[in-house]
Amino acid sequence: MIAQWSCGGLSVMLALLRHLTLSCCYGGRRSIATIISGNQTAKLVRERLKKEVDKMKTSKVIPSLLVLQVGNREDSNLYISSKMKAAAEVGIEAAHVRLPNTVTQDEVLRTIASVNEDASVHGLIVQLPLDSVNRMDVELVTNAVSPLKDVDGLSCINAGKLSRGDLNYCYIPCTPNGCMELIRQTGVSVAGKHAVVIGRSKIVGAPMHDLLLWNHATVTTCHSKTHDIAKHVGRADIVVVGAGRAEMVQGDWLKEGCVLIDCGINHVADGSKPSGKRVVGDVHFASAYQRAGFITPVPGGVGPMTVAMLMQNTVLSAQRVLTSAAV
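Position in the sequence shown (from 1) plus 846 gives the number in our numbering.
Worth flagging that the hints you see were computed from the coordinates, not collected in a lab. Predicted model, so just to flag it, every value in this text is computed and none were measured. Idealized CB from N, CA, C, for every residue including glycine.
DSS-like mimics (lysine-lysine), calculated; alpha carbons at most 25 Å apart, straight line:
| # | residue 1 | residue 2 |
| --- | --- | --- |
| 1 | Lys931 | Lys889 |
| 2 | Lys1077 | Lys1039 |
| 3 | Lys903 | Lys889 |
| 4 | Lys1048 | Lys1071 |
| 5 | Lys901 | Lys931 |
| 6 | Lys931 | Lys906 |
| 7 | Lys889 | Lys901 |
| 8 | Lys1071 | Lys1101 |
| 9 | Lys931 | Lys897 |
| 10 | Lys1007 | Lys1039 |
| 11 | Lys1101 | Lys1039 |
| 12 | Lys1048 | Lys1007 |
| 13 | Lys903 | Lys931 |
| 14 | Lys1101 | Lys1077 |
What follows is a list of derived Cβ distance ranges for each label pair:
| # | residue 1 | residue 2 | range |
| --- | --- | --- | --- |
| 15 | Thr1169 | Asn923 | 32 to 38 Å |
| 16 | Lys1071 | Lys903 | 46 to 52 Å |
| 17 | Thr1064 | Ala1171 | 37 to 43 Å |
| 18 | Leu924 | Gly1122 | 16 to 22 Å |
| 19 | Val979 | Lys903 | 41 to 47 Å |
| 20 | Glu953 | Gly1080 | 49 to 55 Å |
| 21 | Asp983 | Leu924 | 22 to 28 Å |
| 22 | Ala1171 | Thr1072 | 45 to 51 Å |
| 23 | Ala965 | Ser1070 | 39 to 45 Å |
| 24 | Lys1123 | Val943 | 28 to 34 Å |
| 25 | Asp964 | Lys903 | 17 to 23 Å |
Turn these sequences into a full structure, and let the hints steer you where they fit.
Pasting the structure below:
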């Protein structure tokens, strides 16, 4: 049913659900949080992008994406498969180039340079981690991608523009961008809110801080050297967690009614599962569910949005090419 709503309609519905939840408190305390579905929101994004791609086809421009993989890691193969599936659904032409794990860094750089020069490719991502028997400088490799095709938003040029607030002149990293879209779905305005980001990675934490800041939140970043993280979290209206530690954030840390976005993907032992393990986030969901106003699940929260935002950046790249050609 949710999938039939527009993005704005979904925001209204989530706000209504939150109101109903607040109305059902016992002793002044909320009973449950509203779950923000990344699966449903990502579907809405893909549907919107498909319409945009269909319009572009009348100008004989079809967005194209190339995924460059080094090695053959099973987890990378799964991630790439989900990206290729999403691209097909939107109408993006996607190609997957896999280099053997014996490839040298120079060979990888030459491949990237070749794609940079190929005008038919609008977006290029290098799947991480690089699975090679040879030494690879990840920073050197990711920065070799043309900033104009860096739809992962990982190059130092795009990162620099984001840090300066030039949001309309860069590609925003996909996971933080997806988090912002999920926050928008709640109907809660970021402006003027106190946000706490746990983690400072170049892929999630650091760009998440910048994105929240330039959307007018007051932002605190917590990391492994931060003292009393729970105290900082307890003051936050919005919490984004990308710490890489299973179920680190506990429900009693949270400010009542906060928006909680969990970027974590961790595997913990679980004898009840055929695989002997299950996937959990960086948030202890059961306790946080009783205190937050809105919360993302794991899986089915931030993950699908990361892929959806990659598709959005690829379409945006093609649109920029189309616009520049018309000038």
